[in-house]
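Peer 1: Chain residues, written in single-letter form:
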Amino acid sequence: MTEILSAVLVLSITGAIFAVVLYFVAQKFKVIEDPLIDVVAEALPGANCGGCGKAGCRAMAEAFVKQGNMDGLSCPAGGAEVAKKIAEILGCTPEEKEPQVAVVRCNGSCANATAKTKYDGMRDCTFANSLYSGESGCAFGCLGLGNCAKACQFDALSLDPETGLPVVNEEKCVACGACVKACPRGIIELRNKGKNNRRVFVACRNKEKGADARKSCSAACIGCGKCAKTCPFGAITVENNVAYIDFNVCKLCRKCVAECPTGAIHAVNFPPKPAAAPTPAPADETGSNPKNE
Amino acid sequence: MKLLNVSGSPHVHSDESTKKIMWRVNLALVPSLLVAIAFFGVNALLISIISVASCLLFQWLIEKFIMKVPSTIWDGSAVVTGLLLAFNVPATREMILLVIIAALVAIGIGKMSFGGLGKNPFNPALVGRVFMLISFPVQMTTWPKVGGWFPVNVDATTGATPLGMIKERLKNGENLSEIMPDMPSLCDIFMGHIGGSLGEISALAILIGAIYLLCRKIITWHIPVSFIATAFIFSGILWLCNDEQFIDPLTTILTGGIMLGACFMATDMVTSPMTKGGQLIFGFGCGLLTIIIRNWGNYPEGVSFAILLMNSVTPLLNRWFKPKRFAN
Amino acid sequence: MGGVHPEENKISTAAAIEEFPLPKTAVILMNQHLGAPATPCVAKGDKVKVGQLVGKAEAFMCANVHSPFSGTVAKIDTCKDAFGLAKPAIYINVEGDEWEESIDRTPDIVKECTLEPKEIVDKLKAMGVVGLGGATFPTHIKYSVPPDKKAEYLIINAVECEPYLTSDHRVMMEHAEEICIGVSILRKCLGVPKAYIGIENNKPEPIAVMTDMAAKFEGIVVEPLKVKYPQGAEKQLINAITGRRVPSGKLPIDVGCVVSNVGTAYAVYEAIQKNKPLIENILTVTGKKLEKQHNYHVRFGTTYNDLIAHSMGSLPETTGKVISGGPMMGKAVSNLDAPTTKGASSLLVIDEGEAVRAEESNCIRCGKCMNACPMGLEPYLFSALVKNHRIEEAGAHNILDCIECGCCFFSCPANKPLLDEIRLGKNLYRGILMAKKK
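Chains as they are written, first to last, in the working numbering: chain C, 1 to 293; chain G, 1 to 328; chain F, 1 to 438.
Worth flagging that the hints you see were computed from the coordinates, not collected in a lab. Even glycine gets a Cβ: it sits at the ideal position worked out from N, Cα and C. Careful, some of the hints might be misleading.
[Claimed, not checked] Only pairs whose alpha carbons sit at most 30 Å apart, straight line, appear in this in silico DSSO-like list of lysine-lysine:
| hint | chain 1 | residue 1 | chain 2 | residue 2 |
| --- | --- | --- | --- | --- |
| 1 | F | K228 | G | K19 |
| 2 | C | K116 | G | K2 |
| 3 | G | K20 | C | K118 |
| 4 | C | K215 | F | K44 |
| 5 | C | K116 | F | K289 |
[Stated by the list, open to error] Have a look at the derived ranges for each label pair, beta carbon to beta carbon:
| hint | chain 1 | residue 1 | chain 2 | residue 2 | range |
| --- | --- | --- | --- | --- | --- |
| 6 | C | D246 | F | E19 | 55 to 61 Å |
| 7 | C | D160 | G | F65 | 26 to 32 Å |
| 8 | G | T220 | F | D108 | 57 to 63 Å |
| 9 | F | T39 | G | P315 | 54 to 60 Å |
| 10 | F | G431 | C | E162 | 52 to 58 Å |
| 11 | C | D160 | F | N427 | 25 to 31 Å |
Can you make the complete structure from the sequences, with help from the hints?
Peer 2: Below, the structure written as structure tokens:
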């Protein structure tokens, strides 16, 4: 009997002491936090992709609550739906934002940019980029080691074993921008999804002179400027021997696509033209955009 | 003209490989295997073959159907596990089949569940052995009687390991001065003519293997020496205090699994610390725990538990003991 | 501490230095040194002579570039270097071999040097001398010791611990006296009482030749050193000769040491005593499968293809890799059309079997990388940390102390690309530090 009593007694006393200690410690180190943060964090996707520029979803929720409105803050991964939810919680109107998607601006596939050397080191783009120009000799093109695919938290990027280039799954891509940061050569860009998901863009970043660029890749932009001259809306600029199409200005007329001598301009998700039209079907060539119409 | 290779420096590599290291460890285990066959006969051979074969089979199955990775069974590590596992069980007929379960536990739980070679925190063979010791305590402590040379049929009459006998009779209230005359001679102990697990009996064969590994620079002296020295010194202190209750240090280190454990199990690269300081502490801990378990634990032998316990602190030892930096 | 013993393979030791023939066209890169590129100071169509200044150093960390050829400037453009990266360059159509008159081309040895230290530094700067040990650090900057620091030792690096390379070996055998004069000039420039020439014990002939020669000069000591890679790494060499250790993040001058390569000493002699700018280097052309081994005097701007065509016709069929520099620290060449530069000390042809890396497997925590690391670092740990993006932790474990000697990868039984991972980690960590500073 005494054994049971002593055990109960000892346990009760230790329990009481711990309770008192815990109480005072909790008081001393109390962190006062707005309960709203938890509510907002709950509404966020929770992938911690960093697409918003914050350290993670929790940090983003703190920023939202601190600011009290959504000006200048947006969760690219969550899109309109999440924005609506958060707007409800915070009691403000969500910022309107054009939906975007990641676009791979390189067409240096195994066939277009044949390998002149063989890379035999760590499978990491940033490292290979610090070492040399790349297997094809193009110092601006995709290295094909998949840092973008590794960075994607949404399983929207994968390397096509045939072309060696990354492929964006448009349905899964939430335009968080993680791949844009992961690419050491700035090949991936977030572009507006466009009307009916249709886009026209220059799939090349090579800043070398035309002849040099062609040496490493047959599909390189040679900076000839024909596209810029053709464009009726002035959406195309040629700088450093490479053309760029401003997606805010482009009206998707596709005149430039037909003009480009190397096929560096890609038009994706357009319905096939009648047989007479000379436009190639680059969506198939790049393989970068599965049709989802 | 083939394409030129490009990579970062260096562009040459030494001829070291994991495979070479593992097969050299296997080679170092051969003397002990031969001694086991010499004293335990066909049973020892069968247990070893079945143990190695089932380790290889389980690794192959797990890699092919569960992990879906290229097979690595010929890198020699599964053979090392298989041999060490066989060395850690008694050479009875029952073990011939039971060792298959041990192999499944060793490879499946001890190694592959962590991701395969290099990722396991505990020595797989010891995980297998300890599992068996707890699950099949009778079979794992039933020792065949050591007969003459190359016995074809080791009969079921059971002998005892020197340690088991001492523990038993000490419990019955006898003193060491009464027990010691029944012990095999030190020479027999050193040569391995005693009862015990398959591979642990002959200190001589183990030392031959260990010297080979030292020459090949696969192990360093730190773990074996600190393990054995700690066990020697600690048991020596106990013996000096009370030579009626505690075995003399020389018998201590030559019987049971200390030699095998110190030379082959504690030195496993994957589960032991990397710096010299860490290795010395690791060996010290193994030695200390072994003697504690032997003298005050329930089991007559404590090497397996001691090594497994020290395996668990290896990551901490790697953290505490850093190599001496050149620049600081 | 640490270190490994790779196969020495010094198969071109016996090949005396030959003059390499002039190419028809040549490309002179404007950044053949560590730092900012030089600015071209000639125009298309200009006639240039050998030794004429064609690239002017305008930034602080920069070195003059002189034309190694006479002829006409064809164009000023960019040119892809040996690693495929475009660099500013001057293209020259080589015509004849007409030298600047100021250059003393006689074989006479000029011993006396009356210049003051300041004048020596200025002349080194004018002559575009850079360190020829591989890093191509502008020599005039190294020898302009800041007033708050004091040089106590001059160390000449003639260790040549890299396998295959023999250019230092040959230059010591053939130009011992010039080297000693160069060393004396550098010693005078720093105002230190003694200069030590460190040579690895596997080169008994150069040790004998240099010891005999050094006896005729004041304050030059030849120091034979233990054979171990990387004995010739700056910090290891300083430690071996003076017993001092360069602390983390510091320079040799912080422990009172200045280290120069033996080839640099020879270049210093030529620049100061013969008015000859740095326009050529001794370059080893070697490889196990090559019929003939060579050591050449090669003028910068000669392309790798020229080198291959003249020395072996074409690359052997089974070539796996072409390396500029030694097999441990050299860089793999991906563009053979590229011109050689001041930093190139060899053209090494490695066979397929050796060049292709074996497949990587799991780390077995054997600790070989750690024991091989001459800086006492933990390569296996960096590998894991970098892979898991824990760069700051790697930084806390002194990742920046890594000297990139490659001992870790060399000794790794699992064939992990340890040095690749460490380099990546170093770059990322430097990026983090830069961002923090801002």
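Peer 1: For each hint, tell me whether it holds in the structure or not.
Peer 2: Evaluated hints:
| no. | hint | verdict |
| --- | --- | --- |
| 1 | F:K228 <-> G:K19 | holds, 26 Å |
| 2 | C:K116 <-> G:K2 | holds, 9 Å |
| 3 | G:K20 <-> C:K118 | holds, 28 Å |
| 4 | C:K215 <-> F:K44 | holds, 24 Å |
| 5 | C:K116 <-> F:K289 | holds, 22 Å |
| 6 | C:D246 <-> F:E19: 55 to 61 Å | holds, 57 Å |
| 7 | C:D160 <-> G:F65: 26 to 32 Å | holds, 28 Å |
| 8 | G:T220 <-> F:D108: 57 to 63 Å | holds, 59 Å |
| 9 | F:T39 <-> G:P315: 54 to 60 Å | holds, 55 Å |
| 10 | F:G431 <-> C:E162: 52 to 58 Å | violated, 34 Å |
| 11 | C:D160 <-> F:N427: 25 to 31 Å | holds, 28 Å |
The structure fails to meet hint 10 from the earlier list, while all remaining hints are met.
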